[in-house]
Amino acid sequence: MARFLLTRLGLAAITLFLLSVLVFVGANLLPGNVARRKLGNLADQAAVDQLNHQLGTDKPILVQYWNWITGLLHGDLGTSLSYNLSVNQLIGPALTHSIKLAAFAFVMVVPLAIVGGVVAALNRDRLTDRIITVGGLSLAVVPEFVTGIMLILIFGLWLNLFPVSANAPDGSDILAQLKYLFLPALTLVIVLFGYISRITRAGTIEALDADYTRTAVLKGLPRRTVVRRHVLRNSLLPTIAVVATQTGYLIGGLVVIETLFNYPGMGRLIFTAANGKDFPLLASSVLIVGIIFLVATLLADLAYSFLNPRIRFAAAE
Amino acid sequence: MDDTQRRVDAIRTERSELENHIIDEYAAGKITRREFVRRGTVVGMSIPLVSFLAAACGGGGESGTEATSGGTATGAAQPGGNIRVALIQPSTEPNPLIVKDEGGAGLLGSTGEFLSFSNAKLELEPRIAESWEPNEDGTEWTFKIRQGVTFHSGATLTANDVKTTFESLVDPKNASNALSALGGVLSPGNTEAPDDATVVFHLDAPNGNFPTLVSSANYNAIIIPADLDPADWGKTFDGTGPFKLESFTPKVGAKFVRYDSYWGEKANPDGFELKFYDEEGPMIVAFQGDEVDFVEHFSVSGGQALLSDPNVQVIAVGASTHRQLHMRTDKDPFTDKRVRQAIALSLDRNAMVDGLWDGKADLGNDSPFAPAYPSTDTSVPQREQNIDQAKQLLSDAGMADGFTVELQTWNGFEIPDLAQLVKQYASEIGVTVNVKIVGDDTAYYGDAVFGKSIWLDSVMGITDYGHRPVPNVFLSSVYTSKGTWNAAHFKNSQADDLIAQYIAALDLDSQRAAAKQIQELLLDETPVVIPYFYNFLSAAKPNLQGAVSAATGQFDLSKAGYTS
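From first to last, the protein sequence lines stand for chains A and B.
In terms of the numbering used here, the first sequence has 169 at position 34, counting the first letter as 1, and numbering is strictly consecutive.
In terms of the numbering used here, the second sequence has 189 at position 83, counting the first letter as 1, and numbering is strictly consecutive.
Do not take every clue at face value.
In silico negatives: residues of chain A with every beta carbon more than 10 Å from chain B [to be verified]:
1) I149
2) G161
3) G270
4) L372
5) G388
6) L404
7) N443
Label-pair distances were calculated between CB atoms; the ranges are [said to hold, decoys possible]:
8) B:L155 <-> A:K314: 48 to 58 Å
9) B:N517 <-> A:L197: 25 to 35 Å
10) A:L433 <-> B:D553: 39 to 49 Å
Facing chain B, a subset of chain A residues (Cβ under 7 Å, in silico) [unchecked claim]:
11) N219
12) N223
13) V299
14) T394
Note that these hints are calculated values from the structure, not bench results.
All C-beta atoms in this analysis are idealised placements derived from N, C-alpha and C, irrespective of residue type, glycine included.
Excised from the complex, chain B in its bound form (with noise of 0.2 Å):
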C-alpha cells in the first residue's frame, strides 16, 4: 500500500457514507471528474480535497466538452486597477428579501457572501461555510461556519448571522424571494445554531440538493447581520465579501472598494463600479465605446455586435434558463397526449436555436431535465422534428382536419417571436394556432394563482424561466399534481412520486435513476414542451482576466484585473 492510499483510506474513515459512496462512484469510473468534483463539493468536501481524491482515486475520465470556464482567460493580471461593470437597472431596492432579478442580484453580491458560491461549472466553493454535510436521510444538513469572518461595519460573523438571515428567509410574512427555492424545503423555526460554528437546518423532507438552495445560486441568501433589518441593508451594503460599498445612487450606479479585513485572498482589483443600464443597447454601446469592461449579462438578439467582435471575451455558461410552452391536460383540445405530442414534434428546434439563439443553446427535450445538470440522463432520446407522425398522432386522436387553439403569452425577450415559429410549425400539422400578446409580464402572470393568472389558466401559453442550479423547483411546482406553477394542470401519481424520489435522493445514482423516469414520463406525456435550454452570455474586454459569471447574475471580480 503506498502513501497515496493510505491517505485516502485515511480520509476516507472520516468521511461520511454518502461521500464515500461518491467517492466509490467515481474509482469505479461511473461518473466523471468533474462530476465528481461537482457532487462532492455539494456534499460538504473542499475543493483541495476533492481534487486530491480525484487524482488519487483515477476513476471517470471527461465526457463531452466544457460548454465553459465562466470566466475570463487567466494569468497576467497586474494587480490594482478599477472594474467597470455594466448591470441591468435593478426593479426594486437592494433589500435581500425582495430582489428578484438580476440587477438586484448584482447588487447584492458585490458586497454580500453566502454559505457558498455555486460556480459556472455548478459546483459549489465554500465561502462563509467552510464544510457541510447531511444525517443518513438527507433530512438534515450540518454546516461548519468559518471562524475570523467580519462584516465591512467591523462585527463579527457568527452562527447566529447565518440562523438568523435564514428564518427571515423563508418567514412567509416576509415574502421573500427565496421561498421559490426553499419554500416547502425548510420551514420557519428549523434553523438551529448550536454554537458560534455550526448551524443545523431541519428540513421538512430529505432533500439531496439542500447545499445548493443555500448557496449563491439563491441569491436572496446572503448572509447580514443577525441585528439589521434586512429593509435596510440597501443603506450600508454590510456584507462580508471581498469588496465593500463605496457609494450607492439609485437609479445610477454603485463603487465599490477592496474590503482589505477579508477572511480570504484579498481582492486583486482596487475595486469596482456598476453602472445601471435600462436597455441592453446602451449597454452595449457603452462596451464598445470602451465606457464599460463587463458586462454582466447580454442576448444573442441584442449582442450581435459583440459575438461578432473577435476582440470580445464572449462568457458562455450552460444554464437551465428556458421556455415553456404548456397545454392544458385537462382541457380540450389538449386532453389526449397525442395531441400534445404532435405538437411537440412539429417543431424543429434545431431551427429555433440557431434562428433564435444564434446557437447559443442546448436543445430541449421537453423536461425540466437541462444537459447543464449532471444527474440528466443522456440516453433518453431526443425528441426531433417529424411532421408524418405529428399528422399521424392528430389522426389517430379523432383530429386528422386540426383544429384551432389560442397561444397566450407576453412581450418580452423572444418569446414573441418563439410564438409565431410555434405557429409557423403548428400550421404544418393543420393545427392553427392564434397567438395572443397580452402585454408585459405582468398582465400574463396576473396574481400567479389559479383562477386568476393568464398564466396558470390559458390553454396554451409560453413562460419564461430562469436559471436554477439543480431543478427541484422546476419538478416540484410544475410537474406535480399540487405545484403552484402547473399551468398544464398535469396530474399524475407517477411523476409525483419519481419526483419526490430526485429530490430525496443523495447521491448521483439514484438522481440519475430517477431523473432518467421521469425525463421519460414526460416525454411520453408532454404537458409541456421545452425547446431549448439558453446559455447565460457575458463579455469581458480582451484586456479583462480572471472575471468569473454564472447563470444566476452572479459575478466574481476578486480575481480579476487587467493585463495592460
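Chain A on its own, in the form it takes in the complex (with noise of 0.2 Å):
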C-alpha cells in the first residue's frame, strides 16, 4: 500500500509540474501585454514599458518562470497585478467560498445520484428507469445558464423563497448561508445528476450481471443483502472515480454559475485574471484548483483500491 501511495504521490508531483510549465506557458501565450491592461489602451508606451519593466514582465521568459516558480516553493504566490495584494489574500476567500458551494453541491447530488442510478439499475428498463436516465440526461444538456436563469426566475423572482444572489452578508449563520447557496448549488445539482446517476447504474448493472452475485443469489441470500454486500460495493467503483473527476470543475470551473450568481469564487477569480493578464493570480489560482484536483483523484484512487482489492495487490506487486 505504501509503495502505491509512492507511486501516485510521485506521479502528482510530475503532473504538477507539468502543470506549473503549461499554466505559465498559456498565460504568457495570451494576447495584450501586462502593464498596457493595467493602464489602459490609451496610456503611453513609455510609461507601458516601465511599468513592464518594474514588474519584471518585460524580461526572458525563463527568468520570470524561475521567479515565479521558486518563490511558489518559498510559499510567495505573488502579487496580484490588478489589485496590488497578495495573492494570497484573493485566493483564500474565494477557495473558502467555492469550497463551500462544491461540498453543498456534493453532499446534495452524489446521494440523490446513486440512489438515482441504483434505482434505474434495480428497474432496468422500466418506467422508472426511463424517467432517471432520460429525465436525468435531458436536465444534463441543458446549459448551466439556462438552468441557473430558470432556478432564479422560478425560486428567486417569482415564488421569492431564495436569494438571487449565492453571497449571504457578513456574520450569516450557516443556515442563512446554506440558503443563498441553495439555488447555485442545486444548479450543479441538476447539472451533474444525469452524469452521476448513469455511470451508477452503468456499474450497478454491472455487478448485477456478474458471476459473483449471481452465486450469491444461488446462495439464497435476501435481495436486499446481495445489493448491499456484493452489488453496490463493486458499482460505486466508476462513480467515486467520476466524482472525483469533477473537483476540479466544482472549484475552478464554475465561472458561469459563479457569475450568475454573483459569487465570488475561484472560477471567476481564474477568469478575470485571465482576462486581465494578471498573471500571478491566474499562475497560482490554476495551480492550486490543480492541486486540489489532484489531491481528489488520489483519494479516489485510495478509496478504489480499497474497494476493489485487485488494483491494490497489482500495485504493491
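Now that you have both chains on their own, put them together as the hints suggest.
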C-alpha cells in the first residue's frame, strides 16, 4: 500500500510540474501586454514599458518562470498585478467560497445520483429507469446558465423563496449561508445528476450481471443483502472516479454559475485574472485548483483500491 | 434704482471681466437660464450667487426640455438607512492614478472629493474649492481652497494637498489616466500653492473649460493627502467626502459609513454598501430580487426589464458617450470626401437609436458636439439618411459600382450590432463592408500608437468613446493633425485652428461660434461618422429618493434616503 501511495504521489508531483509549465506558457501566450492592461488602452508607451520593467514582465520567459517557481517553493504566491494585493489574500477567500459551494453541491448530488442510478439499474428498462435516465440526461444537457436563470426566475423572483445572489451577508449563520447557496448548488445538482446517476446505473447493472452476484443469489441470500454486500461495493467504483474528476470543475470551473449568482469563487477569480493578464494570480489560482484536483483523484484512487483489492495487490506487486 | 439692481451692481464690481460678460449674455437673452447657471459655475461663481443673478437679471428662458434631473425624486426621505448599490466590478486596484473604468470611478468617489462636482446638467458644484477664476486670457486659473476640511484620517486639508495631487496626476512617469484630460493642458511643475487656501494652475495654453477638467468629471482627480502614496490609497480610502470607509473586500464590495466631521451638510443615510458585479445581468436580477436599491449603470439592451417596469425609477442622463466610425482619409477608398459622405448618408440614424438604444440616445451629426453640450450649435442641419444622394456622391467620385472595404472593430457593448447595421446600410449604396471583429478591446486597441494598433491603423473601424463633460479631449485628440487618437488620419489646418480657438474661448458665445464652424467643417469632411450619443442610465427603487447620478460613473448618495 505504501508503494502504491508513493507511486501516486510521485506521479502527482510530475503532473504538478507539467501543470506549472503549461500554466506559465499558457498565461504568457495570452494576447495583450501586462502593463497595457493595467494602465489602459490609451496610456503612453513609455509608461507602459516602464511598468513592464518594474513588474519584471519584460524579462526573458525562462527568467520569469524561474522567479515565479522559486517564489512558489518559498510559499510566496506573488502579488496580483490588477489589485496590488498579495495573491494569498485574494485566493484565500475565493477558495473558501468555492469549497463551500462544491461541498454543498456534493452533499446534495452524490447521494441523490447514487440512489437514482441504483434504483434505475434495479428497475432496468422499466418506466422508473426511463424517467431517471432520460430525465437526468435531459437536464444535464441544458446549459448551466439556462438552468441557473430558470431557477432564479422561479425560486428567486416569482416565488421569492431564495436569494438570487449566492454570497450571504457578512456574519450570516450557517443556515443563512446554505439558503444563499441553495440555488447555485441546485443548478450544479441538475447539471451533474444525469451524469453521475448514469455511471452508477451502468456500474450497478454490470455488477448485477456478474458471476459473483449470481452466485450470491443462488446461495439464497436475500436480495437486499446481495445488493448491499456484493453489488454496491463494486458498482460504486466508476462512480467514485467520476465524482473525483468533477472536483476540479466544481472548485475552479464554475465561471458561469459564479457569475450568474455573483459568487466570488475561484472560477471568477481565474477568469478575471486571465482577462486582465494578471499572471501571478492566474498561475497560482490554476495551480491550486490543480493541486486540489490531484488530491481528489489520489483519494479516489485510494478508495478505489480499498474497494477493489485487485488494484491494491497489482500496485503492490 | 431698486435694491435688487443695487445688489447686482455691487456684485458685478467684484466679478471678473469674464464673469460680467456671461452675466451680460444672460441679461441680453443670448443664453438660457440653464446655460447661465452652467457657465457661471464653470468660471467660478457659486450656485447661490448664480441663482440670485439668474432671478435678478431675467434673461433667456429655457430652450428645449431637460433630459433629466440626474437623480431620483427628492422630498420626504427619512434620515438614516443603508443604501445598497450595484456597481460593475472595478478592473484595477483603487489607486487614483490608474483607475480607468466606471467601477473604479465609483470607488474613488465614494470617499474621495474633488475640487468641484460635475452634476448631470454639466454644472460645477463647489466642493473642496470654494471658488475659482481665470486670468484675462485663461492661461492661469486660481482656486480658493475651502478651509476647515479634514481627511477621514484626521489631517486638515490644505492647498498643498491639492497641489501634490495634481502634480502626481500630470507626472508622465505615473502614466495617470487623468492625463487623457490634462495632458497638453497642465504640465508638471506648473501647479503652485502660494498659501494654504490658494492653488494656482499655470496652463500650457488658454483653456476656458479648465475647471471642468479638474472636477469630478476627471474621476482620477480626488484630492488625497500630500504624504500618501496613491498606490496605498486603497488601504485606507482616505478622502474628505461625506462617507468614510468601513470595509473593502476586493472583488466582492465595500461598505461606507457617514463621516461625522464632514465640512458640509452631513450625509442623510447612515451609510451605503457597494456590491460588485462582473456582468450586467446578475446586477439587474439582484435589483429585481430586492438585493440592491440602486444600479449605478445599466444598458438598454441588458436592462429592458427595468425600462419596462413602472415601479423602477430610471435616471437618464444626457451624455457625450458615443461610437466613432472612422474612415482613413489618407487611404483608398476614403481619400475622396464624397465617398466618406456617402457612407454617412447611407445610415438611418433614427432606426439605430430606436433599435440599439430604445430611443435612449441623441442623434449624432458626425462631430463630437453632443446635444448635451451647451456650446453645441443646434442650427447646423442634422444629417439624415439619403440613399439617392449617397449613390450620386459615389458616382461623382467614380465609384458608381461601389467598392469593398474591411471594417474592423472589437466585441463589446452594442458595437458588433452597429457594425452589422453599417454593413447593411452600406450595401444599399452598393458598398460591400466586410466586418471583422478582432476580439476584445485589447486586440483592437493594441499598443494605442500608430503602426501598432488596429484602432489607429485600420482603413475603417468603430471605436467607443466615454463621456466627457466638455468636448476638448475629443477635439484635440481625434480631429487635430497631431491628435494621438486620430484614427481617420485627418489633417486639416483649418480644423486645427478652429479647435485651438474653441479650447481657448472663455465665454459661451465665442465657444459656440467656433463650435459652429467646426461642426460644419467636420460635417463636410466627414473623417468620422458619429451616429448617436447615448444616455447614461441608472435605476433606483421607487422608495429611494435623492440619489444623484452623473454620466462619468460618479454618484452622490449624501442626500439620499428611503421614504419607507
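Evaluation of the provided hints:
Once the 10 Å rule is applied to beta carbons, I149 of chain A is consistent with being away from chain B; the minimum gap is 33 Å. Under the 10 Å C-beta cut-off, the non-interface status given to G161 of chain A relative to chain B holds; the minimum distance is some 16 Å. No beta-carbon of chain B is positioned within 10 Å of the beta-carbon of G270 of chain A; the least distance is around 27 Å. With a least beta-carbon separation of about 39 Å from chain B, L372 of chain A lies farther than 10 Å from that chain, consistent with its non-interface assignment.
Under the 10 Å C-beta cut-off, the non-interface status given to G388 of chain A relative to chain B holds; the minimum distance is some 16 Å. At roughly 7 Å from the closest C-beta of chain B, the C-beta of L404 of chain A falls inside 10 Å, breaking its exclusion from the interface. The claim that N443 of chain A lies off the interface holds: its Cβ sits roughly 43 Å from the closest Cβ of chain B, which is beyond the 10 Å cut-off. Range check, L155 of chain B to K314 of chain A: Cβ separation about 55 Å, and the 48 to 58 Å hint holds.
Roughly 34 Å separates the CB atoms of N517 of chain B and L197 of chain A, a value that falls within the hinted 25 to 35 Å. The supplied range of 39 to 49 Å is met by L433 of chain A and D553 of chain B, whose beta-carbon atoms lie about 45 Å from each other. With a least beta-carbon distance of about 4 Å to chain B, the hint placing N219 of chain A at the interface is held under the 7 Å criterion. For the restraint placing N223 of chain A at the interface with chain B, the shortest Cβ-Cβ distance is roughly 12 Å, beyond the 7 Å limit, so the hint is violated.
The criterion of a C-beta within 7 Å of any C-beta in chain B is met by V299 of chain A, whose closest approach is roughly 4 Å, and the hint holds. Restraint check, T394 of chain A versus chain B: the minimum CB separation of about 5 Å is within 7 Å; hint holds.
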